[in-house]
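Asker: All chains, please: the whole structure from these sequences, using the hints.
Quick note, this note's numbering runs 17 ahead of the 1-based positions in the sequence shown.
Note that these hints are calculated values from the structure, not bench results. All residues carry an ideal CB built from backbone N, CA and C; glycine is no exception.
List of simulated lysine-lysine pairs, DSSO-like, C-alpha gap at most 30 Å: (1) Lys111 - Lys33; (2) Lys115 - Lys33; (3) Lys46 - Lys139; (4) Lys139 - Lys111; (5) Lys115 - Lys151; (6) Lys101 - Lys46; (7) Lys36 - Lys111; (8) Lys101 - Lys111; (9) Lys36 - Lys54; (10) Lys54 - Lys33; (11) Lys151 - Lys33; (12) Lys111 - Lys46; (13) Lys101 - Lys36; (14) Lys36 - Lys115; (15) Lys101 - Lys54; (16) Lys36 - Lys139; (17) Lys151 - Lys54; (18) Lys101 - Lys33; (19) Lys115 - Lys46; (20) Lys139 - Lys101.
Per label pair, the in silico range of CB-to-CB distance: (21) Ala60 - Gly152: 26 to 36 Å; (22) Ile108 - Arg34: 13 to 23 Å; (23) Thr109 - Thr22: 13 to 23 Å; (24) Lys46 - Gln117: 15 to 25 Å; (25) Pro114 - Asp140: 10 to 20 Å; (26) Leu19 - Lys115: 32 to 42 Å; (27) Lys111 - Leu19: 32 to 42 Å; (28) Leu19 - Gln117: 34 to 44 Å; (29) Leu116 - Leu50: 12 to 22 Å.
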Amino acid sequence: MLVQTGEEEEICLFQKRCKLFRHLGNEWKERGLGTIKVLVRPADTTALAGIHMDLRAVLPGDIPANSLPAISSRLLMRREQVLKVCVNQPITAKGVPKLQPMRSQIDANSLCWSNVDYSDVKDGEMSTYAVRFKGSLVSLLAN
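Answerer: Structure, rendered in structure tokens:
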């Protein structure tokens, strides 16, 4: 049985396994381990009909990001094994999260940003997040 996730008509432009943290009070709390994705819902999915039957099978880089006009895009991450959504944030022209590297040498492979998140609250809530990847950011961005 195929589970409907809401990602069926979205294209994944980026995906990478990472650990997600949320800033609460004066400390970083771990939110989960999983694959973070940048998903785009194209305005016209019929152009992709001959390429793949299931858009979830489209790999990052298969389709140039600027080749299809998008209706919406978002940042999504689910926790491994339980698949609970731990980050679900829209990416809009006005609300593109500004990714910044962490300031310490220890976290040289981490990025942080602030954005409205809809994973816990239906109406959204402004939060600050960080992701930590294995390897350096230079090698991550090169792939």
